[in-house]
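Since the structure of chain A is already known, use the hints to place chain B on it.
The listed protein sequences derive, respectively, from chains A and B.
Okay, so the first sequence: first residue is 1 according to our numbering, each after it adds one.
Okay, so the second sequence: first residue is 1 according to our numbering, each after it adds one.
Hints are not guaranteed to be accurate.
For identical chains, the list gives no copy identity; a pair is met inside one copy or between any two copies.
As the list claims (entries may be wrong) - Within a straight-line C-alpha distance of at most 30 Å, the following computed DSSO-like cross-link-like pairs (lysine-lysine) qualify:
no.	residue 1	residue 2
1	Lys164	Lys252
2	Lys253	Lys193
3	Lys151	Lys253
4	Lys151	Lys92
5	Lys164	Lys151
Derived by calculation from the structure, the hints in this document are not laboratory data.
Take a look at the letters that make up each chain.
Number of protein chains: 2
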Amino acid sequence: MSENNQPLIFITNDDGIYAKGIHELIAGVRSLGDIVVIAPDGARSGMSSAISSQNPVRLNLLQQEEGLTVYSCTGTPVDCVKLGINEILDRKPDLIISGINHGSNAAICVIYSGTIGAALEGCILGIPALGVSLTNPALDADFSQAVQYGKQIAEKILAEGLPKGVCLNLNIPNISKVKGLKICTQTPGYWTKEFQVGQDPFGRTVYWLTGEFLNEAPNDEHNDEWALNHGYAALVPLQLDMTAHPVVNILKKWE
Amino acid sequence: MSENNQPLIFITNDDGIYAKGIHELIAGVRSLGDIVVIAPDGARSGMSSAISSQNPVRLNLLQQEEGLTVYSCTGTPVDCVKLGINEILDRKPDLIISGINHGSNAAICVIYSGTIGAALEGCILGIPALGVSLTNPALDADFSQAVQYGKQIAEKILAEGLPKGVCLNLNIPNISKVKGLKICTQTPGYWTKEFQVGQDPFGRTVYWLTGEFLNEAPNDEHNDEWALNHGYAALVPLQLDMTAHPVVNILKKWE
Numbered sequence: 001m002s003e004n005n006q007p008l009i010f011i012t013n014d015d016g017i018y019a020k021g022i023h024e025l026i027a028g029v030r031s032l033g034d035i036v037v038i039a040p041d042g043a044r045s046g047m048s049s050a051i052s053s054q055n056p057v058r059l060n061l062l063q064q065e066e067g068l069t070v071y072s073c074t075g076t077p078v079d080c081v082k083l084g085i086n087e088i089l090d091r092k093p094d095l096i097i098s099g100i101n102h103g104s105n106a107a108i109c110v111i112y113s114g115t116i117g118a119a120l121e122g123c124i125l126g127i128p129a130l131g132v133s134l135t136n137p138a139l140d141a142d143f144s145q146a147v148q149y150g151k152q153i154a155e156k157i158l159a160e161g162l163p164k165g166v167c168l169n170l171n172i173p174n175i176s177k178v179k180g181l182k183i184c185t186q187t188p189g190y191w192t193k194e195f196q197v198g199q200d201p202f203g204r205t206v207y208w209l210t211g212e213f214l215n216e217a218p219n220d221e222h223n224d225e226w227a228l229n230h231g232y233a234a235l236v237p238l239q240l241d242m243t244a245h246p247v248v249n250i251l252k253k254w255e
Numbered sequence: 001m002s003e004n005n006q007p008l009i010f011i012t013n014d015d016g017i018y019a020k021g022i023h024e025l026i027a028g029v030r031s032l033g034d035i036v037v038i039a040p041d042g043a044r045s046g047m048s049s050a051i052s053s054q055n056p057v058r059l060n061l062l063q064q065e066e067g068l069t070v071y072s073c074t075g076t077p078v079d080c081v082k083l084g085i086n087e088i089l090d091r092k093p094d095l096i097i098s099g100i101n102h103g104s105n106a107a108i109c110v111i112y113s114g115t116i117g118a119a120l121e122g123c124i125l126g127i128p129a130l131g132v133s134l135t136n137p138a139l140d141a142d143f144s145q146a147v148q149y150g151k152q153i154a155e156k157i158l159a160e161g162l163p164k165g166v167c168l169n170l171n172i173p174n175i176s177k178v179k180g181l182k183i184c185t186q187t188p189g190y191w192t193k194e195f196q197v198g199q200d201p202f203g204r205t206v207y208w209l210t211g212e213f214l215n216e217a218p219n220d221e222h223n224d225e226w227a228l229n230h231g232y233a234a235l236v237p238l239q240l241d242m243t244a245h246p247v248v249n250i251l252k253k254w255e
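For reference, chain A alone in the conformation it holds in the complex (with noise of 0.2 Å):
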């Protein structure tokens, strides 16, 4: 890694290091400054915050030039973020940006998303984070709006920085001409209908997860399923903690 004043951008996903999302954003972000990306291996879609508590993790240098430098890892995405942050870079980045996920990572899947799980992670170690998706899962998406979209809130954040405890999430609509960014808030809802079921070549009965999302509230303007359905890029900052505050002094009978 150079030794200058350029900003430090660590780049991660849960797609892997092969997934066009990825490449496409460091060719979008690689103008802002030092990039360095740890990404998975391979797909570690729906990983959460998981980390690999189990087994130990490995690293593989794949590329090395001026202003980039990029590995693979055999674990999770946070494994990604903590390993970079612990063992592979010689001081803070200056922003994490995870993605671009392929498929959204809107309402109930900031809970689910390995994307969102390596913002959160960035974030937990204090390090301004933002995690960007494209709602269309095609291996051969076309991300140009969410890089354009991506870039412009990276520079917001370099500039600006983020409170402490909170990162970002942005989803971009597929959609040919996105109309503009929205504030939101997370869409409240569920998934239904989870699983098919079939046999194996040995006759034993699997469960494939699939579903549908049910959205508890498809009318409020504010939150980030409207603004995607309406053709906005949405933005939501999330939280680490996760105190149901309000509830806390309900409780307080039960001491």
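Chain B only, in chain A's frame:
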């Protein structure tokens, strides 16, 4: 499953179906209702809210008797909850209990914990949910007080319910006589010195996750680490909405 008016209690964990903690929990709450258990077939510590998005999962019926049905599952703790609700149970359970975990799930561990991932999933699916953990990771830990407190909280939940979108995280200190229960907030902090670097038999570098928790608010009498360190059981209400609401308005100028 028997057709009756007893409460239906669903139990899972992240240490796997052969862990002592889950069996102590099952024995401890069996008098409260009909019990259905679906737990991972091995250790899934640190799996957070991970879901099996790449591969199918399987169930294996291990035990079926009056009032108790037990399955193992090849998936994650969240998969266990989803399978139970979607595919196995003929009615919605009145309560989901995840645990008893071998080791603390206080403070920032809620983000990484498979125990808490399962409790959050119950909450997402609209079921009152409780995670229970003992601050002792030993295989043969003494779970007697954790069982006693877990059962008391389970009875409270069955009697009074929980607010929508909120589940509970109960941690029990590993001491001979717990002083009582405190309703707490999530302690802020993060893990440091996270990796032990080693070599595999082939001379390649491997990274083992380890580390030390750095408590950012050790003197705040309201948080769960303070309660545990002072001999109390700590109960934190957790919410699914991760939106940093005060930050939404601050960011509006970015639109």
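These are the hints, each one checked on the structure:
Taking identical chains as interchangeable, the C-alpha atoms of Lys164 and Lys252 lie at most 30 Å apart whether they share a chain (28 Å) or sit on different chains (18 Å). Taking identical chains as interchangeable, the C-alpha atoms of Lys253 and Lys193 are never at most 30 Å apart, the minima being 38 Å within one chain and 39 Å between chains. For a Cα distance limit of 30 Å, the shortest separation of Lys151 from Lys253 across copies, 17 Å, qualifies, whereas the shortest one inside one copy, 49 Å, does not. In the homo-oligomer, the alpha carbons of Lys151 and Lys92 lie at most 30 Å apart inside one protomer (20 Å), although the nearest pairing across protomers, at 45 Å, exceeds that limit.
Taking CA atoms no more than 30 Å apart as the test, Lys164 paired with Lys151 passes inside one copy only; the shortest distance there is 21 Å, against 37 Å between copies.
Violated hint: 2 only; the structure is consistent with all others.
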